[in-house]
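A.B. asks: Please take these sequences and the hints and turn them into a complete structure.
Per our numbering, the sequence shown runs over residues -14 to 102.
The set of hints was computed from the structure by calculation and includes no laboratory data. Treat the hints with care, as some may be off.
16 Å max Cα-Cα, derived EDC-like pairs, lysine to aspartate or glutamate [to be verified]:
{"id": "1", "residue 1": "K86", "residue 2": "D15"}
{"id": "2", "residue 1": "K86", "residue 2": "D57"}
{"id": "3", "residue 1": "K86", "residue 2": "E55"}
{"id": "4", "residue 1": "K38", "residue 2": "D5"}
{"id": "5", "residue 1": "K100", "residue 2": "E55"}
{"id": "6", "residue 1": "K30", "residue 2": "E61"}
{"id": "7", "residue 1": "K38", "residue 2": "D57"}
{"id": "8", "residue 1": "K2", "residue 2": "D57"}
{"id": "9", "residue 1": "K2", "residue 2": "D89"}
{"id": "10", "residue 1": "K30", "residue 2": "D5"}
{"id": "11", "residue 1": "K2", "residue 2": "E35"}
{"id": "12", "residue 1": "K86", "residue 2": "E21"}
{"id": "13", "residue 1": "K30", "residue 2": "D15"}
{"id": "14", "residue 1": "K74", "residue 2": "D15"}
{"id": "15", "residue 1": "K30", "residue 2": "E4"}
{"id": "16", "residue 1": "K38", "residue 2": "E4"}
{"id": "17", "residue 1": "K74", "residue 2": "E4"}
{"id": "18", "residue 1": "K2", "residue 2": "E90"}
Beta-carbon label-pair distances, calculated as ranges [unchecked claim]:
{"id": "19", "residue 1": "P18", "residue 2": "S46", "range": "34 to 42 Å"}
{"id": "20", "residue 1": "W65", "residue 2": "K38", "range": "15 to 23 Å"}
{"id": "21", "residue 1": "R16", "residue 2": "L99", "range": "30 to 38 Å"}
{"id": "22", "residue 1": "R47", "residue 2": "S77", "range": "25 to 33 Å"}
{"id": "23", "residue 1": "G101", "residue 2": "E21", "range": "33 to 41 Å"}
{"id": "24", "residue 1": "N31", "residue 2": "K86", "range": "20 to 28 Å"}
{"id": "25", "residue 1": "T7", "residue 2": "K45", "range": "18 to 26 Å"}
{"id": "26", "residue 1": "G101", "residue 2": "H20", "range": "39 to 47 Å"}
In this text the structure is predicted, and so the values were computed from the model without any measurement. Using N, Cα and C, we set each Cβ at its ideal position, and we do this for glycine too.
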Amino acid sequence: MWRSVLSGTRGFVLWQKAEDFTEYLFPIIDRFPKHEKFALCSQIKNTCYEVLKLIIRTNKSRQKTPGLYEIDTQLEMLRWLIRHSHRRKYLSHHSYETDAKRVDELGCIVGGLLKGS
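C.D. replies: What follows is the structure in structure tokens.
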């Protein structure tokens, strides 16, 4: 099961979705106001990088469950950062909805993996 979702021959489902989300999100947050570039913008990017790093680490680990919980925690933080950006009006309503759906999709994959373990 782990092979098919994390690193199957058809591609890295969780990795691919996280990478696609990152590619979509970064150009949007690069348009944040200049005074947020080194605070909120950097925090969002670092959290995305952390999620990608944790996916790699979890995929290579024999004990998947602790890594999946770490990924879930980082996704929760990412949800909050995106919600905060929307409240501050740095994200349009459409961008916020799209971002939230993509993070929820990642969370559903992680949740499914946790239930299967």
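A.B. asks: Now, for every hint given, state plainly whether the structure supports it.
C.D. replies: Hints, verified against the model:
no., hint, verdict
1, K86 <-> D15, "violated (20 Å)"
2, K86 <-> D57, "holds (15 Å)"
3, K86 <-> E55, "violated (20 Å)"
4, K38 <-> D5, "holds (15 Å)"
5, K100 <-> E55, "holds (15 Å)"
6, K30 <-> E61, "holds (14 Å)"
7, K38 <-> D57, "holds (13 Å)"
8, K2 <-> D57, "holds (14 Å)"
9, K2 <-> D89, "holds (11 Å)"
10, K30 <-> D5, "holds (14 Å)"
11, K2 <-> E35, "holds (14 Å)"
12, K86 <-> E21, "violated (24 Å)"
13, K30 <-> D15, "holds (10 Å)"
14, K74 <-> D15, "holds (14 Å)"
15, K30 <-> E4, "holds (12 Å)"
16, K38 <-> E4, "holds (11 Å)"
17, K74 <-> E4, "violated (25 Å)"
18, K2 <-> E90, "holds (8 Å)"
19, P18 <-> S46: 34 to 42 Å, "holds (39 Å)"
20, W65 <-> K38: 15 to 23 Å, "holds (19 Å)"
21, R16 <-> L99: 30 to 38 Å, "holds (35 Å)"
22, R47 <-> S77: 25 to 33 Å, "violated (43 Å)"
23, G101 <-> E21: 33 to 41 Å, "holds (39 Å)"
24, N31 <-> K86: 20 to 28 Å, "holds (22 Å)"
25, T7 <-> K45: 18 to 26 Å, "holds (20 Å)"
26, G101 <-> H20: 39 to 47 Å, "holds (44 Å)"
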